[in-house]
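Residue numbers (this note's numbering), protein chains in the order written: chain E, 1 to 462; chain Z, 1 to 101.
It should be emphasised that the hints constitute simulated quantities derived from the structure, not laboratory data.
Note that the coordinates shown come from a computational prediction; the quantities given were computed from them, not determined experimentally.
It is possible that some hints are incorrect.
In silico lysine to any residue, SDA-like type, Cα no more than 25 angstroms apart, as pairs [unchecked claim]:
hint : chain 1 : residue 1 : chain 2 : residue 2
1    : E       : K136      : E       : G57
2    : E       : K103      : Z       : L18
3    : E       : K103      : Z       : E78
4    : E       : K103      : Z       : R33
5    : E       : K103      : E       : G156
6    : E       : K136      : E       : E330
7    : E       : K103      : E       : P237
8    : E       : K136      : E       : E401
9    : E       : K103      : Z       : G73
10   : E       : K136      : E       : P237
11   : E       : K103      : Z       : P72
12   : E       : K103      : Z       : R14
13   : E       : K103      : E       : G77
14   : E       : K103      : Z       : G82
15   : E       : K103      : Z       : A79
16   : E       : K103      : E       : G57
17   : E       : K103      : Z       : G13
18   : E       : K136      : E       : A22
19   : E       : K136      : E       : E58
20   : E       : K103      : E       : K136
21   : E       : K136      : E       : G156
22   : E       : K136      : E       : F397
Residues per chain are reported as follows:
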Amino acid sequence: MSLAEHVAAVAAGETIRERAEAALDRVGDDPHHAFLSLDRASILADADALDQRVQSGESLPLAGAPVALKDNLCQQGTRTTCGSRLLEEWVAPYDATVVQRLKDAGALLFGKTNLDEFAMGSSTENSAFGATTNPKDPARVPGGSSGGSAAAVGAGYVPASLGSDTGGSVRQPAAYCGVHALKPTYGRVSRFGLVAFASSLDQVAPFGATVADVAAVYDVIAGSDARDATSAEREVPSATGALGGGARGLRVGMVRGCLAQADAAVAAAVAESASRLEGAGATLTDVGVEHFDLALSAYYLIAPAEAASNLARFDGARYGSRVDGADLAETYRATRARFGPEVIRRIVLGTYALSEGYADEAYVRASRARTAICRAFASVFENVDLLLLPTAPTVAFPLGERTDDPVAMYAADVFTVPASLAGLPASSTPVGDAGGLPIGAQLIGRHFEETTLIRAMEVLAP
Amino acid sequence: MDGAKGIDDATFGRMLDLAAVAVSDEEREALRRDLGRVLESMAAIADAPVDDLPPTYGVSTGSRTRADEPTPGLDRAEALAGAPQSADDHFVMASAMGRKE
């Protein structure tokens, strides 16, 4: 079910309430555990209000289409747990900017989706409230950390959803669940109201059943925001306007080294998708991105360091739950023991990376490597307009396979973290499958050239 | 980085203190082992040819300032609404000096 189908149905006379009831029926008892919160009465009340807006003559760009939100996005008056016991009952006192923009555009906000705790993970198994399963195979992960949002679209519950992508947390689950996604350029979409994980990397990003769905949601949420000092003050060319633009004249660099690292079926599907770009008039060349192999190590020093700083606010004083101790320090420690093991692992790793005696060789050195990676991309983009590579090295892996091996889990992000470190826009598009398990191809573009990505995404899909 | 040889217990204990997280003895050992393995996997950073490069702490999106004027935020009641404990329009928290007997 796509946004276009929804808009056509409403234009043909179905009410938004009827469409909402149908979506709730599709969810049923949510067998994939995509949602952490789904207030049916509230959704139907909102649908009625949207119908009234339509009847009063208001034009709603999203026409009451249901859009699910990752549960690290603040939605006023609703539980926003970040997948954590620490925030299990916390109710957001304000809307994130992206949530307000969706409301203004007439979206029907449709529940809060499951995630790895505080967006730290690649499988959604780190959620304190149970894992989400993959709609294509419930014995496998949906990817992470935005697994619930990916699964909600992949299972056909909603045509679009929002996730957050720090090192691949939208692109990788999109690949595993067989849906489209676009991580915007860093600064393109406001982070106000997104609970911070790594502030120099986080971006809110849309999932969609089709490229057009991704474009429609992106057009609503993108743009400068005075409440986010890292938000770029730039015009946003319409992604919807770029649909149908084709790939003619685009210079695409295939990152062959990544194909060699991926599973054979993944490599084959991505290579075949390249031929569709060529058939549409793009030119393909093989490229390498220098220092690409440093990105995973750099990311897993930088992101935990930023997370250690950002999560220092969860001390039991101002929000969330508290475990009382004999004094302030003991209260901090006992409260923060409620974080899950992966969050604790990253906080301690980040603390190490920033602490005296280690920071120069850890965080600072990783930040120098980040410079090397940024410059390498800039060099490559002198000769190509887009890069093509797999989104992930494998298809969705079985539940439980990597939960005891953080190094193996982190390896799922090897192809997505480089674009994150450089702040570049990047997408994932389903391009095939292996035994029914979806395979995603990733495109990386120059800063603020999301429309080029949209054009190529449409061509990539079989 | 120390990780290449594992994290010694004293360093690890100091990191736990700085992180302000309580863990059980069993969790402590598993965490120390995991962190050692993670840091070992990042050994490539130590040998990377990056000594002459300035660090990038964030990709620039342009300089942005606003007028030095107050802007609306949460009122006191809204700010206190999510607190585990509040009284007299203040957050209530454990004493830094410990409980009075």
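Each hint tested on the structure:
no.: 1; hint: E:K136 <-> E:G57; in the structure: violated, 40 angstroms
no.: 2; hint: E:K103 <-> Z:L18; in the structure: violated, 41 angstroms
no.: 3; hint: E:K103 <-> Z:E78; in the structure: holds, 21 angstroms
no.: 4; hint: E:K103 <-> Z:R33; in the structure: violated, 47 angstroms
no.: 5; hint: E:K103 <-> E:G156; in the structure: holds, 22 angstroms
no.: 6; hint: E:K136 <-> E:E330; in the structure: violated, 45 angstroms
no.: 7; hint: E:K103 <-> E:P237; in the structure: holds, 21 angstroms
no.: 8; hint: E:K136 <-> E:E401; in the structure: holds, 17 angstroms
no.: 9; hint: E:K103 <-> Z:G73; in the structure: holds, 20 angstroms
no.: 10; hint: E:K136 <-> E:P237; in the structure: violated, 34 angstroms
no.: 11; hint: E:K103 <-> Z:P72; in the structure: holds, 20 angstroms
no.: 12; hint: E:K103 <-> Z:R14; in the structure: violated, 47 angstroms
no.: 13; hint: E:K103 <-> E:G77; in the structure: holds, 14 angstroms
no.: 14; hint: E:K103 <-> Z:G82; in the structure: holds, 24 angstroms
no.: 15; hint: E:K103 <-> Z:A79; in the structure: holds, 23 angstroms
no.: 16; hint: E:K103 <-> E:G57; in the structure: holds, 16 angstroms
no.: 17; hint: E:K103 <-> Z:G13; in the structure: violated, 47 angstroms
no.: 18; hint: E:K136 <-> E:A22; in the structure: holds, 21 angstroms
no.: 19; hint: E:K136 <-> E:E58; in the structure: violated, 38 angstroms
no.: 20; hint: E:K103 <-> E:K136; in the structure: violated, 31 angstroms
no.: 21; hint: E:K136 <-> E:G156; in the structure: holds, 11 angstroms
no.: 22; hint: E:K136 <-> E:F397; in the structure: holds, 12 angstroms
Checked against the numbered hints above, the structure violates hints 1, 2, 4, 6, 10, 12, 17, 19 and 20; every other hint is satisfied.
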